[in-house]
Amino acid sequence: SQKIEQNSEALNIQEGKTATLTCNYTNYSPAYLQWYRQDPGRGPVFLLLIRENEKEKRKERLKVTFDTTLKQSLFHITASQPADSATYLCALGSYAGNNRKLIWGLGTSLAVNP
Amino acid sequence: GAGVSQSPSNKVTEKGKDVELRCDPISGHTALYWYRQSLGQGLEFLIYFQGNSAPDKSGLPSDRFSAERTGGSVSTLTIQRTQQEDSAVYLCASSSHAPLNYGYTFGSGTRLTVV
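As they're listed, the protein sequences go chains A and B.
Going by the numbering used here, the first sequence opens with residue 1, and the numbers climb by one from there.
Going by the numbering used here, the second sequence opens with residue 1001, and the numbers climb by one from there.
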């Protein structure tokens, strides 16, 4: 069955460092991958989308890579700030058939210490 | 409105009672989704509405769950004869017809606790 794995352990880093979060998947060929941020008691907030034919996408301090051979996406936050502390979710989707149901990872908790 | 609005934000109900959860999507968004998020589990798709098309109900876990969307806007998720395993956060999201560039916009969810 389709499976998505994100770093299960919380990530603790020092302010100013680069945070790197991993999203691995199996038994799936996604056409695109999305990253969301979720704060406690809130719904996920969309951050970035990357398509299968794109190697890298950037937005301000965020960078996402997508390696369809390794079946992996890396999500980087450079010059991290305490305000970046949250849970980050990856979600995969396909254009084929029913493209309405994203498949979600469990998320990785990030804590940026001042 | 400016965002997706869900109500109530919290609901505690007794096992066996029916509950109704409401979602008010972003004006103009044609697509509306219900997801469920439980501790230790990823977001679980429940149901999808797109315009006037028949809804995709393939994610509803049992016939105790139903949803409707009136006038292409507000949606209500109804859970009949609630069970303890229904306890979760129920999230609603909406998107424009082309969500791939902009993702989904989620509400803050309704935390349902069945006691």
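Hints may be right or wrong, so weigh each one.
[Said to hold, decoys possible] DEER-style ranges, computed between Cβ atoms:
| # | chain 1 | residue 1 | chain 2 | residue 2 | range |
| --- | --- | --- | --- | --- | --- |
| 1 | A | E60 | B | T1013 | 25 to 35 Å |
| 2 | A | E15 | B | R1064 | 44 to 54 Å |
| 3 | A | N53 | B | T1076 | 15 to 25 Å |
| 4 | A | K17 | B | P1055 | 39 to 49 Å |
Derived by calculation from the structure, the hints in this document are not laboratory data.
Note that the Cβ used here is the ideal one computed from N, Cα and C, for glycine as well.
For each hint, the structure was consulted:
1. Against the hinted window of 25 to 35 Å, the Cβ-Cβ separation of E60 (chain A) and T1013 (chain B) comes to about 42 Å, which falls outside the hint.
2. The supplied range of 44 to 54 Å is met by E15 (chain A) and R1064 (chain B), whose beta-carbon atoms lie about 47 Å from each other.
3. A hinted range of 15 to 25 Å is violated for the C-beta pair N53 (chain A) and T1076 (chain B), which are about 40 Å apart.
4. Distance hint check for K17 (chain A) and P1055 (chain B): the Cβ-Cβ separation is about 45 Å, which falls inside the suggested range of 39 to 49 Å.
Consistency with the previously given hints fails for numbers 1, 3, ordered from lowest to highest.
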